[in-house]
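With the hints as extra help, turn the sequences into a complete structure.
Going down the list, the sequences are from chains E and P. Start counting the first sequence at 1; every next residue gets the next number (the numbering used here). Start counting the second sequence at 1; every next residue gets the next number (the numbering used here).
Keep in mind that the hints were calculated from the coordinates and are not lab data. Treat the hints with care, since some could be wrong.
Okay, the calculated bits of chain P under chain E, using three or more residues with CB under 8 Å as the criterion [claimed, not checked]:
1) 101-108
2) 117-129
3) 197-211
Restraint ranges, calculated between C-beta atoms of paired labels, are given here [what the hints assert, rightly or not]:
4) E:SER48 <-> P:ASP90: 49 to 55 Å
5) E:PHE43 <-> P:GLN180: 48 to 54 Å
6) E:PRO149 <-> P:GLY146: 18 to 24 Å
7) E:THR68 <-> P:GLY259: 29 to 35 Å
8) E:VAL47 <-> P:GLN92: 45 to 51 Å
Since the structure is predicted, the reported quantities are computational estimates derived from the model, not experimental observations. Just so you know, even glycine gets a beta-carbon here, dropped at the ideal spot from N, CA and C.
Residues per chain, in single letters:
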Amino acid sequence: MTGPGLADVQRKGPRRLWPGGGSDGREEGARSALIAATSTVVFVGVVSWVVLTSELWPAVQRQFFSWTHFKRSFPDVLSGFWLDVQMFLVAEVLILAIGLVVAMIRALRGPAFLPLRALAVAYIDLIRGVPILLLILLLGFGVPALRLPGVPISALFWGVTALVVSYAAYTAEVYRAGIESVHESQRMSARSIGLTQFEALRHVIVPQAVRNVIPALLNGFVSLQKDVALVYVLGVREGLREADIYNARTFNYTSYVAAAVLFLAVSVPVARFTDWYTERHRRRRQAMSA
Amino acid sequence: MRLRFPAVVLVALALAATACGDDDTSDTTAAAGGGGCAIDQLELVTEGTLTIATGEPAFPPWVEDDDPASKRGFEAAVAYAVAGEMGFSDDQVTWVRTSFDDVIAPGPKDFDFNLQQFSITPDRQEVVDFSDPYYTTTQALVAFAGSEVASVTSVAELAGYRLGASIGSTSFDFIEEVIQPDEDAAVYDSNANAKSALEAGQVDALVFDLPTAYFITAVEIPEATIVGQLVAPEAQADQLGLLFAKGNSLVSCVNAALGTLRADGTLDDLAEQWLAQEGDIPTLSP
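Encoded structure:
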């Protein structure tokens with residue numbers, strides 16, 4: 001057989017994005033790194049120059065980027081942020097579990113399960129249709145005010161509960177997308193070898209479904225890391241609220257910059273992990289289909 | 001190795017902006033103009049009109065019915081007294097409403113001065129200018145009548161209770177610095193949320209300045225009572241001042257007006273009229 005074949009493509013490698021002399025991969029890499037570095041330096045330089053030479057910059061710097069105020073506010077913001085970390089770690093575990101249960105209920109087939117499915121849909125629609133802040137206020141101030149025996153009063157408890165209830169609804173839909181992305185033949189094969197609906201879901205479909213939607217689940221986790229700050233409205237002293245307190249006392253906004261740095265410090269690694277996982281998953285699926 | 005430039009650059013830029021350039025904490029206020037305090041010599045936002053700002057909504061007893069132009073309410077009355085002393089007639093005074101951020105963010109303001117129970121503190125004086133104080137207040141403890149905390153007789157006993165206050169208030173500072181409770185005090189954006197927390201049992205007692213405490217126990221939470229006034233030797237008296245944009249040349253003229261009102265007893269009379277209430281409130285000893 002003449003003409004280019006698979007072996008030729010594998011030897012020459014993928015098509016390059018820009019024309020260049022030679023087939024030396026190292027030269028290409030070095031040039032592109034140089035271009036990237038130069039353009040970044042120029043861009044950052046221009047933006048910095050425009051900002052730093054503007055007339056009101058000194059006043060803005062004093063109020064938003066003051067190192068003195070950063071140091072003063074940091075301990076309180078950090079201890080409040082630790083509360084945020086604990087909240088979102090605990091909440092995420094519950095959200096993943098409850099969301100999965102709701103999604104599996106919704107995935108059950110057959111007329112006998114209609115009431116359960118309807119309940120799941122009603123829960124998802126209702127909770128997704130309401131702002132999280134509203135849920136937090138209703139559960140956080142409303143339930144304890146009823147003074148029901150045995151029911152916790154703590155603002156922190158009800159704040160986290162409201163977050164879990166809210167995010168589980170969104171997460172259930174993410175799982176549902178994953179479940180529906182698993183090919184129908186998987187379900188049919190599972191049923192045909194004698195598994196019940198539950199067993200098919202549990203052993204065959206859900207493991208595949210979850211693997212497909214891990215990036216979306218991680219995305220929800222990154223969103224949760226910020227939304228935990230909403231429990232401030234119940235009086236909880238979390239990180240962003242400590243920044244608020246400092247700002248209200250001193251009229252200085254640098255505490256918010258401190259809080260932002262902390263929030264970035266947790267969400268950027270998660271985002272990078274998501275990228276790495278997605279890439280690895282993609283490569284594995286390509287290998288499987290080749 | 002793939003560097004994620006956007007996120008890293010943003011964080012680096014933020015931190016570099018903090019580190020580079022010195023933020024001088026010493027500020028020289030622009031000296032008041034050598035000219036006098038006649039209306040046509042003043043630097044006003046709007047020529048010939050005194051523009052005064054307050055919050056939205058404005059609460060009693062500081063402003064009645066959310067209508068400062070009615071001159072009813074302590075702060076409304078003080079504002080018109082100062083304006084009158086400076087030579088403005090009542091219809092030369094206009095009111096605007098501001099949010100908290102409108103007041104403290106850098107940039108030009110749309111008011112000549114703002115009054116909203118702002119306490120004068122050194123930190124805040126780096127960012128805005130204050131007049132001399134027009135009122136000094138103490139803190140008070142509010143709790144449900146008959147609750148355990150209502151029988152407390154000294155400030156030191158309060159450390160074991162869960163307390164709450166409004167954000168940015170000297171009441172909150174009092175809790176943090178003087179009472180130093182075992183459990184972190186809760187902080188609320190509004191009196192409504194603080195009231196909900198009290199009713200939900202999430203806090204045992206709330207701390208407010210005395211005039212606000214009167215209003216809350218009289219109107220908003222009638223089942224609550226003022227347990228006592230809170231004083232402590234190390235606590236700074238809570239002084240309320242009129243707030244100006246940094247470097248505003250009006251400050252000295254306004255201070256002159258306030259000085260006259262204080263000397264002739266007007267400020268005391270207005271406080272008596274709007275802020276004094278029946279009955280003696282006990283003082284919790286330190």
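Now for the hints, and whether the structure bears them out:
no.: 1; hint: 101-108; in the structure: holds (count 4)
no.: 2; hint: 117-129; in the structure: holds (count 6)
no.: 3; hint: 197-211; in the structure: holds (count 6)
no.: 4; hint: E:SER48 <-> P:ASP90: 49 to 55 Å; in the structure: 51 Å, holds
no.: 5; hint: E:PHE43 <-> P:GLN180: 48 to 54 Å; in the structure: 49 Å, holds
no.: 6; hint: E:PRO149 <-> P:GLY146: 18 to 24 Å; in the structure: 20 Å, holds
no.: 7; hint: E:THR68 <-> P:GLY259: 29 to 35 Å; in the structure: 34 Å, holds
no.: 8; hint: E:VAL47 <-> P:GLN92: 45 to 51 Å; in the structure: 46 Å, holds
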